[in-house]
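Since the structure of chain D is already known, use the hints to place chains B and C on it.
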Amino acid sequence: MNDFFQKDIISIRDLGKENLESIFSATEKIIDLESNQRREIARGKTLGYLFFEPSTRTRLSFQSAMALIGGTSLGIADVSSSSVQKGESLSDTVKVMSSYTDVLVLRHTLDGSSRFAAEISQKPIINGGSGTEEHPTQAIQDLFTIKREKKNIDGLKIGIVGDLKYGRTVYSLLYGLGNYNVEVHLISPEALRIRSDSAYDIKKQLSYTESTNLDDYIDDLDVLYVTRIQKERFPDEEEYTKVKGSYVIGPDMLKKMKDDAIILHPLPRIDEISPDIDDAKQAKYFEQAEYGKYTRAALLGLILNENGF
Amino acid sequence: MNDFFQKDIISIRDLGKENLESIFSATEKIIDLESNQRREIARGKTLGYLFFEPSTRTRLSFQSAMALIGGTSLGIADVSSSSVQKGESLSDTVKVMSSYTDVLVLRHTLDGSSRFAAEISQKPIINGGSGTEEHPTQAIQDLFTIKREKKNIDGLKIGIVGDLKYGRTVYSLLYGLGNYNVEVHLISPEALRIRSDSAYDIKKQLSYTESTNLDDYIDDLDVLYVTRIQKERFPDEEEYTKVKGSYVIGPDMLKKMKDDAIILHPLPRIDEISPDIDDAKQAKYFEQAEYGKYTRAALLGLILNENGF
Amino acid sequence: MNDFFQKDIISIRDLGKENLESIFSATEKIIDLESNQRREIARGKTLGYLFFEPSTRTRLSFQSAMALIGGTSLGIADVSSSSVQKGESLSDTVKVMSSYTDVLVLRHTLDGSSRFAAEISQKPIINGGSGTEEHPTQAIQDLFTIKREKKNIDGLKIGIVGDLKYGRTVYSLLYGLGNYNVEVHLISPEALRIRSDSAYDIKKQLSYTESTNLDDYIDDLDVLYVTRIQKERFPDEEEYTKVKGSYVIGPDMLKKMKDDAIILHPLPRIDEISPDIDDAKQAKYFEQAEYGKYTRAALLGLILNENGF
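Residue numbers (our numbering), protein chains in the order written: chain D, 7 to 315; chain B, 7 to 315; chain C, 7 to 315.
For reference, chain D alone in the conformation it holds in the complex (with noise of 0.2 Å):
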């Protein structure tokens, strides 16, 4: 029996190095499979999808991946907007939903959601993103991608650099890299640094420096994770315009990063990356959104599989 078989997908603090390499795997095979073997993993399943929060984009993916491995989705794509929110409670969502479908998606604003999701549902629930620290699935999308691009994850030069105190897809993916031996640089303006609470939980499996200033980093990254610096997290549009511009990267700092560095985000993106280098062989961000597809199909198949595919 495989170890993903009906279970739930809460947090990336739950898988070990392990478990993620044996996602990795899977995601592996799905890619080289034929589409007529693909379609038989989920043949006949249906993904039910609960968003309390819209993401337009994780439902795709999972709905795409879904139909990689000849499954169907149906679901809510914003429950607020729909006629579901009548003052029934989570719990009742969930249940109903659960007895519809064969393994639930949730994305919820609260932590903690997911959880309580999994402890009431008859199904397999998977966390598609809740409350400030929790995307475990874009976790092990943004994982995969360095495996796959960098043939390794231990040994390379992470820098993450943008809006780090509001985004869970940084702090999923810290947790994730924790499982591995790497160094990170964390870069971001000072009013955007990781949370206090969180980093005292990193840093227990995971070092890393703090700095305002990608140039002292830049020549010598593996990877650069880049996240979006959002207007509405500033005080003042001044301080905004400031500190925008020296985490933008466009053709200039791309001359300065190693030549087989790779350049990560999760999108969508702004401005924070120029379009100018998105055909350069280090722009990797529109791979790692296709790679979602296949590292969630990969998922979807070890949970609805007893013994994999």
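Careful, some of the hints might be misleading.
Since the list gives no way to pick out one identical chain from another, each pair is judged satisfied if it fits inside one copy or across any two copies.
To be verified - Taking lysine to aspartate or glutamate pairs in the EDC-like style, the calculated list, with each CA pair at most 20 Å apart, reads:
#	residue 1	residue 2
1	Lys-264	Asp-222
2	Lys-237	Glu-27
3	Lys-250	Glu-94
4	Lys-287	Glu-216
5	Lys-153	Asp-226
6	Lys-237	Glu-94
It should be emphasised that the hints constitute simulated quantities derived from the structure, not laboratory data.
Quick caveat: nothing in here was measured; it's all calculated off a predicted structure.
Just chains B and C now, with coordinates in the frame of chain D:
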């Protein structure tokens, strides 16, 4: 040829006991079939949904039913907020949708809308809830749940409690119960008694008592069917608060019930059933929701296959 | 290899008569195929839809076409109201969506959007309506309907009536008709005549007359193509009311038509065709809608299969 092949399902009143029993048999068959065999039932068929009044739950129940038997669903979850609403007639919308699909489920605020649609549609129409009284697939689901859980419907003592005036679910259920030899007790606040015009029709087939006091019947019931009491239905909030409490099913009420009684609810519930009794063996409302998937799959299977399945 | 394999469908102007005829043949084949065989055509393939301007009808036509040939659809029914719209570029949205799917249908308010998308997409793009003039799959559907119902397009007398200024359907149809030897009469209120810049292009391929008076032509037409006249297009309501009546097709107008003429309309209609003539043998607009499912299925089948189907 099975009786439902290419037939419309407009009102529970169109279905006799024999019809209902053949849907129940087909439902039991769906439950027992292997997943592979189920998926042959609607292979290559498409269900269209056309919801002029959004109902996420009914839509998802139909979609999951269709997926279970191997078919596809597509449609409009909320016609009023879609681009279809440019003054086009219901008739035109139905004609076009029926040319895209093999069977249509229609939900509409107006009485008679489904029957009208059935007249002009090339394909079978299922009423997914219309006007004040008709929700035939909900009634089928409710009756199947009673039969499945109590083995027989004939001979049962059935209490229906809550808002009996505005809930179309209740009317459809009562018309359905008219086919059986049952003792029915309607329990509601004075202001939410069953409408007298409908009562007139129902009484032709079914005798029932009316009361405001659940305590008079609770210890004798085999089935307790609970519906929501909505605040909006009361002229003043004081009146609402006063009556609300007397119809809440919680641990104290449960203690008065027979050991083998069952509690049903069409869901969503707000607070008319306390979550404290969800684990009681009498609580069958989540099973009821799940059976809705199977009864709808059975009905679709019968409509789509000349010789049944 | 078939001419459409992995090709974009951006403008009807890119398609010659031979191209159109091969789509028509493929459509006839789709209609004639057994359901089992049809479903092999797109088995395991996924259509992505990306509608920046909502069009429920076009989306459902594509979804039903994809279901007919065994494929899956997923996408965004209204990008502007989705969470995608966080300042992301069209280019990024298209790149990500194309990594999730095998073929993309795009609808956009801007001229040139589809051609732009095609340049950056890894997967074929179908223009599902863009800007003021392009709606190639509607034109294919219209031309197929004419051919199917009249056996030949060459030699026909075709009247196009209504709003010829703002309807992109009309422009695409005229460009398509440019491949055939037909006599075309454009009939519209003065204010809604075909735009002169487009007229210039169209006249290179096609000669037509322009008139405000339908009665001059009605008894001689083989095909009457009716479009909606929208109130909003008129500076004052009085003007609108005045012209509206002269272009309504009802029983009186029908009597003037040839016995074997056909009446088409891209739908939705409001009151420019009276429902009183829906059952007349000349009324072919609902057939036209249904053919849209088959022409789109044929087109998708050709795009997705190297050697056709």
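Looking back at the hints listed earlier, which ones does the structure fail to meet? Checked against the structure, the hints that fail are numbers 2 and 4, while the rest are satisfied.
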